[in-house]
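Asks: Sequence:
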Amino acid sequence: MLVKLGKVPTVIISSSETARQALKDHDLNCWPRELSYNYVDIAFSPFDDYWKEVRKLVVQELFSTKQVNSIQPIKEEEVKKLIDSMAESASQKTQVNLNEKFLALTVSVLCRAAFGVSFEGTVLSNGRLNKLVREAYEMLGSFSASDYIPYAGWMVDRFSGLEGRRDKSVQDLDAFYEQMFDLHKEEKEKGSEDFVDVLLRLEKEETVVGNDKFTRNHIKAILMNILLAGMDTSSITMTWAMAELARNPRVMKKVQSEIRNQTVNKFMISLDDTNQLNYLKMVIKETWRLHPPVPLLVPREVMSEFEINGYKIEPKTQLYVNVWAIGCDQDTWKDPEMFLPERFIDNNIDAKGKHFELLPFGSGRRICPAIYMGTTMVEFGLANMLYHFDWKLPEGMVVEDIDMEEYPGLTVSKKNELLLVPMKYFDH
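So for the sequence shown, the UniProt record's numbering puts the first residue at 1; every next one is plus one.
Note that these hints are calculated values from the structure, not bench results. Just so you know, not all the hints are guaranteed correct.
As the list claims (entries may be wrong) - Straight line, CA to CA, 20 Å or less: simulated SDA-like cross-link-like pairs of lysine to any residue:
1. Lys352 <-> Ser16
2. Lys24 <-> Ile349
3. Lys7 <-> Glu305
4. Lys334 <-> Asp350
5. Lys80 <-> Arg112
6. Lys52 <-> Ile219
7. Lys168 <-> Leu228
8. Lys204 <-> Asn217
9. Lys253 <-> Leu419
10. Lys24 <-> Met303
11. Lys334 <-> Ser14
12. Lys316 <-> Leu2
13. Lys285 <-> Asn347
14. Lys281 <-> Tyr372
15. Lys285 <-> Pro336
16. Lys424 <-> Met268
Throw the hints in and build the complete structure from the sequences for me.
Replies: Dropping the structure here:
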């Protein structure tokens, strides 16, 4: 579909076949467009030498299978804290806000794993960091008139208040990075080097990456990518999965039976245990199909002409891949509006970017490098929540009352709080 957003021609791709052509066959013809956000022009650079070297660095130091497995003790410690918190609510028979719980979990794991510091007990704790990230997501996903209406657009952004909000968000993010650097220097163990150490060392040594000297702005751009790509998406998936399970008691009972039959008399489900939980993996894939965290992949700008299904896609065209529409395509999925994990039985479709029917992480050269980290976080978190607790709706509430309204933005989370009452399955 071709539409005009102001002066910008925009193509929306909504089928797996056209997504394959855009993301695989013509991947080099376009790259993510620059967004109106200070460091993003660095973070979303084209496929040049700088981008290739930085991506390799990030994968090696943070998102490789070896590195992700090495931070498993951090995940276990943070999930244990969550279990203890849930157990306290269960003993008091009080409801818990799973939106907040899952976001706090992913924030803690990501900050300790990627930034080398914990913000517990600092001015960035108690939800302030969460609000900062949420505001950044809203700004990145907002409609900036200056991007689409030449000359006059900046006036619209200014009078609407968007420009002021965006500037404040950038300032808040910058203050966060600087404070994180300070905390990191204070808490860093002598003789150890984590990911932030590596970046700071590259800056200090004035290392040339690609054709550019590595600067503090490059560090902030990389950390922004990690912060915004990794913090919200895993918690969004866990929240939507629990919402769908609460709406579908049959599926809830089936996945809990698998988990509890697979692991008996253990305090915590291990990462190795999750590898055997096939039905849980189906539940997660079905959640990604219906509720992709980024329903419109980061928009791309066409740099050189190419064709899709015989239609010419001209340079300067903005390209959106509608992952949500692809996941609800009736030509691919039977009864697409139903939450039915069994559709993945004897179905080899996965979420690693090779099957264009399911693209929660994107595909091609710009596929999310943190697929393994995000997938293991979701599987590990959900498995332990479903293992330790049964879940019921608050008193007076029925399944039909569960609100599935979405919160708009670059990522799409559940708008209203998911409130459920945990009940201890067993005591240790």
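Asks: State for each hint whether it applies.
Replies: Results for each hint:
1. Lys352 <-> Ser16: The hint holds at about 14 Å.
2. Lys24 <-> Ile349: holds (17 Å)
3. Lys7 <-> Glu305: Holds, because 18 Å separates the two Cα atoms, which is no more than 20 Å.
4. Lys334 <-> Asp350: holds (17 Å)
5. Lys80 <-> Arg112: Between lysine 80 and arginine 112 the Cα gap is close to 15 Å, so the pair holds against 20 Å.
6. Lys52 <-> Ile219: holds (15 Å)
7. Lys168 <-> Leu228: holds (17 Å)
8. Lys204 <-> Asn217: Roughly 13 Å separates the two Cα atoms, so the pair holds.
9. Lys253 <-> Leu419: holds (19 Å)
10. Lys24 <-> Met303: With Cα atoms ~15 Å apart, lysine 24 and methionine 303 stay inside 20 Å; holds.
11. Lys334 <-> Ser14: With a Cα-Cα distance of about 17 Å, the restraint between lysine 334 and serine 14 holds, given a limit of 20 Å.
12. Lys316 <-> Leu2: holds (13 Å)
13. Lys285 <-> Asn347: Between lysine 285 and asparagine 347 the Cα gap is close to 11 Å, so the pair holds against 20 Å.
14. Lys281 <-> Tyr372: Holds, because 13 Å separates the two Cα atoms, which is no more than 20 Å.
15. Lys285 <-> Pro336: The hint holds at about 13 Å.
16. Lys424 <-> Met268: holds (14 Å)
The structure is consistent with each of the numbered hints, conforming to all of them.
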